[in-house]
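Engineer: The primary structure of each chain is shown beneath.
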Amino acid sequence: SDIEGDFVGVGVDQELISSVPSNNPNFVSRNFTDAEISYCRSQPSPASSFAARWVGKEAVFKSLGVKSKGAAAAMKDIEILNDNESGAPIVKLHGDAQVQASQKGISKVLISLSHSDNVAIAFAQATRS
Amino acid sequence: SDIEGDFVGVGVDQELISSVPSNNPNFVSRNFTDAEISYCRSQPSPASSFAARWVGKEAVFKSLGVKSKGAAAAMKDIEILNDNESGAPIVKLHGDAQVQASQKGISKVLISLSHSDNVAIAFAQATRS
Amino acid sequence: SDIEGDFVGVGVDQELISSVPSNNPNFVSRNFTDAEISYCRSQPSPASSFAARWVGKEAVFKSLGVKSKGAAAAMKDIEILNDNESGAPIVKLHGDAQVQASQKGISKVLISLSHSDNVAIAFAQATRS
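Protein chains in written order, with my numbering: chain A, 2 to 130; chain D, 2 to 130; chain B, 2 to 130.
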């Protein structure tokens, strides 16, 4: 294909871990899938894990280059799981996010997450490869 | 083309928003285009927007992999505008920056910006696609 | 080749500069090559340079998408040098890191480093191009 390996968009996002309301049950259930919630709650610092996934979702959204719908953007449609073998984070799109990615020919979004004591950061890359 | 989709360089940069002298008219007029200045001044926090664009310019410069000319590097030649449709930041090169990118076969630089309360961060990716 | 320009993985990492024990001789000799040590010690702020390279190694490791071996991961096998011409950081893999990259078809890892007064950050991108 002509677009094999072509690159579509990048996204970076960061937040203070303390600014992500991961102890608010409505925020969590509205924005995270069951698998994400289970994973984050099993980690040494659930607040850090929720924050890292939250900035991850924002970074993926930016990498798709679609118009922001503000509060209406369904962040639950951007799911960040972990590869069984390597443990590395992987992106799975659902619903609107998947439709919009498909329309742009995006077949894969790569992601990396990091958190220090107080800041979470994520980088995403949307590709057609 | 053999270099279709080939990837050339990446750049990351961050700064404390307070360390970017966006209230210094000389700094602003030397480093930002009229379109950038209008955009940043129209934003809720002009200081944050100037800082994000400033680290964006640095990240783009790094992604080009050219020798730093220090204070002489014309950051105004690296313009960061916003896509009319998505609102996402896009890079437009001018002057020396454009010449150097062309010589390396770079046809597009992708960019993403983020700022929290006190830190601005940017990631850039130079491609031949 | 079918995988020309294909993209494999990304990695981001950040640390407080003060949390990287660059004044501990064992930490330094275990994780950095002679060339890296010489370079960092020649810089205006060796602590910042060691921290930037340390997060760089972590970012490269993440970009390879291999299973973490924790303390056993040989960070010395991920060497970050500087391009003679541009001064930009470049990645050279040795030992296990090189073997694992080869097995995944990774031929090049791009890297960018940044440090502010107190935080070091790095972004890495593994490619098959």
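Take these hints with a grain of salt, some might be off.
Covered stretches of chain A (in silico footprint by chain D; criterion: 3 or more residues with CB under 8 Å from a CB of chain D, positions within the stretch not fixed) [unchecked claim]:
1) 15-25
2) 60-66
Subject to a maximum C-alpha distance of 27 Å in a straight line, what follows is the list of computed DSSO-like cross-link-like pairs (lysine-lysine) [to be verified]:
3) D:Lys68 with B:Lys109
4) A:Lys93 with B:Lys105
5) D:Lys77 with D:Lys105
Facing chain D, from chain B, some residues (calculated, C-beta under 8 Å) [unchecked claim]:
6) Tyr40
7) Pro47
8) Ser87
9) Ala89
10) Gly96
11) Asp97
12) Leu111
13) Ser113
14) Ser115
15) Ser117
16) Val120
17) Ile122
18) Gln126
Treat the hints as calculated values from the structure; they're not laboratory data.
Just so you know, even glycine gets a beta-carbon here, dropped at the ideal spot from N, CA and C.
Engineer: Hints first: check each against the structure and report whether it holds.
Structural biologist: Here's how the hints hold up against the structure:
no.	hint	result
1	15-25	holds (count 4)
2	60-66	holds (count 4)
3	D:Lys68 with B:Lys109	holds, 21 Å
4	A:Lys93 with B:Lys105	holds, 22 Å
5	D:Lys77 with D:Lys105	holds, 20 Å
6	Tyr40	violated, 16 Å
7	Pro47	violated, 20 Å
8	Ser87	holds, 5 Å
9	Ala89	holds, 5 Å
10	Gly96	violated, 24 Å
11	Asp97	violated, 24 Å
12	Leu111	holds, 5 Å
13	Ser113	holds, 4 Å
14	Ser115	holds, 5 Å
15	Ser117	holds, 6 Å
16	Val120	holds, 7 Å
17	Ile122	holds, 6 Å
18	Gln126	holds, 5 Å
Going down the numbered hints, you'll see the structure goes against 6, 7, 10 and 11, while the others check out.
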